[in-house]
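Participant: Next come the chains, spelled out residue by residue.
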Amino acid sequence: MTSIDLALAGVSLGAITALSGIGLLVTYRTNGVLNLAQGGIATLVAYVFREMVVEWNLPIWLAAVISLAVVSPGIGLLLERLVFRPLARRRASAAESLVASLGVLVLSLGITAGIWGLGSRSDAPSIFPNSSVQLFGDTRIGADALAELVMVIVFAGVIGVIAARTAFGRQIRAVVDARQLAELSGVPADKVAAAGWAAGTTMAGLTGILLAPRFQLTPYGLTLLVLETFAVVVAARLSSMTVAVLTALGIAILQSELKQFTLHGDAGQILTVLQSNLFIVALLVLLLAVPKLRELGSGDSGATTSFSSRDAPPSGRVSGVRLRRDYLGKLGGGALLLAPLTFAPSDLRSAFMVPALALIFLSMVIVTGYSGQLSLGAAGFAGLGALLSLKLANGDLFGLPAMPGIASMFVGALLVAPIGLITGYPAIRRRGLTLALTTFAVGAVVSRFVFEQPTFATGLYLDPLTLFGWELSEKAFYVFELICLGIGLLVVRNLHQGRLGRALLALRDHSEGAAAVGVDVRNLKLLAFTVSSVIAGLGGTLLVHSSYSFSADDFAPLQSLLWFTAVVVFGADSAAGAIVAAAFMVTIDVLAPAGSSTLAIGILALALGWMPGGLASAVRGMLRLLAQYLADSFVDPNQRAPRPVPVRISAVGHLPATTGITGITGLPGIGSTLRAARAGHYARWPLSGNQDGLPAGAPRLTPFGAGLVGMVQQYAATQTAGARRRQATDPAGAPRPTLPRPAGPTPTGAGAEAHPAEGGRA
Amino acid sequence: MSRHVLQVVGLVRRYGGLTAVDHVDLVAPPGMITGLIGPNGAGKSTLFSLLTGVEQPDEGKVVLGSTDITRMRPDIRSRRGLVQTFQVPSLFPTLTVADNLLVGAENRRRDYAGGLLGLSAQGQGRISHSAERVLERLGLAPKGPVTQIVEEVLDSLGLSDVRDTIAGTLPTGALRLVEFARALCARPDILLLDEPASGLDSEETAKLSQLLRRTAAGGVGIVIVDHDVDLVFSVVDQVYAMVGGRVVASGDPETVRNDPTVRSVYLAQAPLAAAGHSREAH
Ligand SMILES: Nc1ncnc2c1ncn2[C@@H]1O[C@H](COP(=O)(O)OP(=O)(O)OP(=O)(O)O)[C@@H](O)[C@H]1O
Ligand SMILES: [Mg+2]
Chain A
68 MTSIDLALAG VSLGAITALS GIGLLVTYRT NGVLNLAQGG IATLVAYVFR EMVVEWNLPI
128 WLAAVISLAV VSPGIGLLLE RLVFRPLARR RASAAESLVA SLGVLVLSLG ITAGIWGLGS
188 RSDAPSIFPN SSVQLFGDTR IGADALAELV MVIVFAGVIG VIAARTAFGR QIRAVVDARQ
248 LAELSGVPAD KVAAAGWAAG TTMAGLTGIL LAPRFQLTPY GLTLLVLETF AVVVAARLSS
308 MTVAVLTALG IAILQSELKQ FTLHGDAGQI LTVLQSNLFI VALLVLLLAV PKLRELGSGD
368 SGATTSFSSR DAPPSGRVSG VRLRRDYLGK LGGGALLLAP LTFAPSDLRS AFMVPALALI
428 FLSMVIVTGY SGQLSLGAAG FAGLGALLSL KLANGDLFGL PAMPGIASMF VGALLVAPIG
488 LITGYPAIRR RGLTLALTTF AVGAVVSRFV FEQPTFATGL YLDPLTLFGW ELSEKAFYVF
548 ELICLGIGLL VVRNLHQGRL GRALLALRDH SEGAAAVGVD VRNLKLLAFT VSSVIAGLGG
608 TLLVHSSYSF SADDFAPLQS LLWFTAVVVF GADSAAGAIV AAAFMVTIDV LAPAGSSTLA
668 IGILALALGW MPGGLASAVR GMLRLLAQYL ADSFVDPNQR APRPVPVRIS AVGHLPATTG
728 ITGITGLPGI GSTLRAARAG HYARWPLSGN QDGLPAGAPR LTPFGAGLVG MVQQYAATQT
788 AGARRRQATD PAGAPRPTLP RPAGPTPTGA GAEAHPAEGG RA
Chain B
34 MSRHVLQVVG LVRRYGGLTA VDHVDLVAPP GMITGLIGPN GAGKSTLFSL LTGVEQPDEG
94 KVVLGSTDIT RMRPDIRSRR GLVQTFQVPS LFPTLTVADN LLVGAENRRR DYAGGLLGLS
154 AQGQGRISHS AERVLERLGL APKGPVTQIV EEVLDSLGLS DVRDTIAGTL PTGALRLVEF
214 ARALCARPDI LLLDEPASGL DSEETAKLSQ LLRRTAAGGV GIVIVDHDVD LVFSVVDQVY
274 AMVGGRVVAS GDPETVRNDP TVRSVYLAQA PLAAAGHSRE AH
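Respectively, the protein sequence lines represent chains A and B.
My numbering puts the first residue of the first sequence at 68, with every later residue one more than the last.
My numbering puts the first residue of the second sequence at 34, with every later residue one more than the last.
Honestly, the hints are just simulated from the structure, not real lab data.
Fair warning: this is a prediction, and the values are worked out from it, not measured in the lab.
Check each hint, because a few of them may be wrong.
Covered stretches of chain A, going by a simulated chain B footprint (3 or more residues, C-beta under 8 Å) [unchecked claim]:
#1 217-231
#2 577-586
Below, a list of computed lysine to any residue pairs in the SDA-like style, where the Cα atoms sit at most 25 Å apart [as the list claims (entries may be wrong)]:
#3 Lys542(A) <-> Thr525(A)
#4 Lys94(B) <-> Arg589(A)
#5 Lys94(B) <-> Glu579(A)
#6 Lys94(B) <-> Arg496(A)
#7 Lys542(A) <-> Met470(A)
#8 Lys542(A) <-> Arg589(A)
#9 Lys542(A) <-> Gly401(A)
Heads up, the beta-carbon is just placed ideally off N, CA and C, and yes, glycines get one too.
Work out the full structure, taking the sequences as your base and the hints as a guide.
Facilitator: Encoded structure:
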């Protein structure tokens, strides 16, 4: 084939990618959400289309109309109404939108896999006839490519005109800039958002239907293909449709052109992989080349705090009751983990997966829950750990002699550390969604270039593990897994404690603030990534040993997304949550048809919108309420000392957790503070209801200190007064309160007045 | 330990065609309060971010003591003694007040890996956490210098009563105080305050100025940017006035107050001496 023929062969894929990119851009530019679920939706629609044509024998045109004019936009409208509108209403952070769209992705995958299974189908119908058109001489172009190209031009043109020339376009820009402002000036923001979603999902459906006949139709495979098209929107910096279209065509044509070369040896192998994986490589390269995609939401500080499911560990003395309860909880958990030892062998074998997955989930708790980095590459680390340890055990790595199984597992996991460290480097300057995409791309590239390559991943033997010459029985292996999990928990505990724990939490809460007081942000991020990768690697080896085989599918890039969602659902900063999540997924997959756990996680992820902080937080909150209720029924509530209500308890109710509302001002900490202040939650502030301002037994303040406290207290009083007044007049509340400045003494600040505020004057 | 002086030499920062900071020279000695005033867009905030390392200058250098810190990362500058507070209070909302301060106090050291192995950098010796906890329960916990500093600062700012309150639940006024306390715990040589009085009323502002004087008397150099000229002139030892990215006047408050350029450009409305200059910040 000549260069021109190859180029024309690439046009079709390029055009489809461009369509996908246009869909992503439309959703992003109308809603500010980068729809990670694009791939899942595309796959679902492709399956629906195939079902109608192949199983129900509908004519292709009818099936296409139903899929593209009813099903696809319907999905978009539903998503907008049920998932993303509530998020936009409470100005959820970018991280929350990310989790929501991951939830949609996982849910749509679960639905597809649940209905049609995970197997591949090669009978996906094509909407275009399999003919070609003569261009000139012998050069022909497929009718499909031509039609797709026309579609790209029409859609891009129409959308471009709408955006630039019409009133609707202006409304779109207004909504994206400031949704509430736009609404106040009469723009129907919800309609604009809904239109954007409907258009985006329609393009997704179209992408799916067009892609399916070109490849095998599998839920995971097609989804991943669409995710790879994110390269073009990254190149377009999430704004320029023209750049997206040109990049799509460019990469596809280049990929096609690569087919005319053949190389030998290692280079040849790389070339072969590149010939079908240029998009994912381009995604990684682009993300690495563009250090700050400002459009992808700057600022990680505050963003991931919304995953926080509980308060920081206490630095002071832990009360005896609390300690006892902690120990009880741990004992109970330990007993549950030991329970499989009494199971029948087949059930025990299923339980093997639990500690392995739990370790992988723990690795995500470290990076996301503790240090606030969004990382979607866990499967890559886990797979590398597994592969390296297998190679060590087989004596197949760097000419090293074969190692005993158990040693190879630990060494293999440790060998992942440098890779984790390297992956951590992009994290120093990237944050939020950019980092999430970067880590995803790393995982995908590792999967394509390593796990799926026969040279690396075949011919490996999995010998039974031995310890001092004894072959480990199945029970012993499970115990060994538990020991590994224990090691992981120990590391996590140390990470969460003391100076290191505080520094990590500070980094998660407010990275600029942390740097400003000398927290070594860079090294901490690297440390978190490195430790996390080793733990994931260990989990990966265990996973391979529990399923008795290394399969690239177990460590496919989409697994990372699924796992990440599961971790967030069960409380991203909860080690216990990680274990529960693992047990949950394994149990469901054992009891129900394959893919059910995906479905369940997807549903739970969408429910997150109503319970920020994850299941762990909800359960904790419920227990607390229950305890409170029990206490109240035995003790007269009025007799007990008034207890300050932590704001966070509201996580189970209607109010989001304190830190989940950073969206109010877009500034970390501020929104939460303001809302807390307005809701009167600073009841703990010592002086606000207390005449002399000091609890009995408290150390006496220096006069200066007393003066300062007075000042703060008075401030608090004016705040409540202001907040009350505002509530009376303006229920919505101003985003940033202006301070009321009463000329005389504050009307409600009785406590403040009584306090010798001038005492501090030296 | 002698405190460092902050020196800024010929600092330039351009945004496209606009020179936001234009050959600025500035000296902030320890123990003194340096004010920085100027109308909106004068380049004050940009200068601050050049000092703290959030932005990189196009020309010029920033010297702390005898070290050129122009290219250093923000956290390294902070460990060397150049600590800032933010215009929007930036506490760690999920940590308690005491932990917020501890983070500030602890991070002159960087050996985080020790913590991973269960070693604690708290206290003088390195003991494991479990050991520390046992000691603590016996009432024998070694009070390291770090904990001491935190307790002292909490005490002297009257924050002891909220030491175990989650910072995210505090009202804004308290947040400013806690952030100031956190900066103090980092043992700064030079403290950069970005509009510390915004959001405070006149009485609170008076308290703030006392606090600033006390801090400076303890040997800390302070650089303060604020739109409240009354506050600035009442508290500072020297003032720099910026207009259009340039320093147009500097020296003791009296000189700057009477400088014709400052009067014409910045304080056109009224002579500064007359009180009641309203704050522009809100
Ligand atoms: N990131 C940026 N990109 C482009 N221009 C900028 C940027 N940051 C600041 N500027 C410009 O630099 C000039 C100085 O801004 P700066 O924020 O430093 O002023 P300021 O003295 O702090 O003003 P204010 O009192 O309003 O806070 C302004 O004209 C501003 O528009
Ligand atoms: Mg400014």
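Participant: Look at each hint and say if it fits the structure.
Facilitator: Okay, the hints, checked on the actual structure:
1. 217-231: Violated, because only 0 residues of the stretch 217-231 of chain A bring their Cβ atoms closer than 8 Å to Cβ atoms of chain B.
2. 577-586: holds (count 9)
3. Lys542(A) <-> Thr525(A): The hint is violated at about 28 Å.
4. Lys94(B) <-> Arg589(A): Distance ~23 Å between Lys94(B) and Arg589(A) Cα, so the pair holds.
5. Lys94(B) <-> Glu579(A): Within the cut-off at roughly 22 Å; holds.
6. Lys94(B) <-> Arg496(A): holds (23 Å)
7. Lys542(A) <-> Met470(A): holds (23 Å)
8. Lys542(A) <-> Arg589(A): violated (42 Å)
9. Lys542(A) <-> Gly401(A): holds (16 Å)
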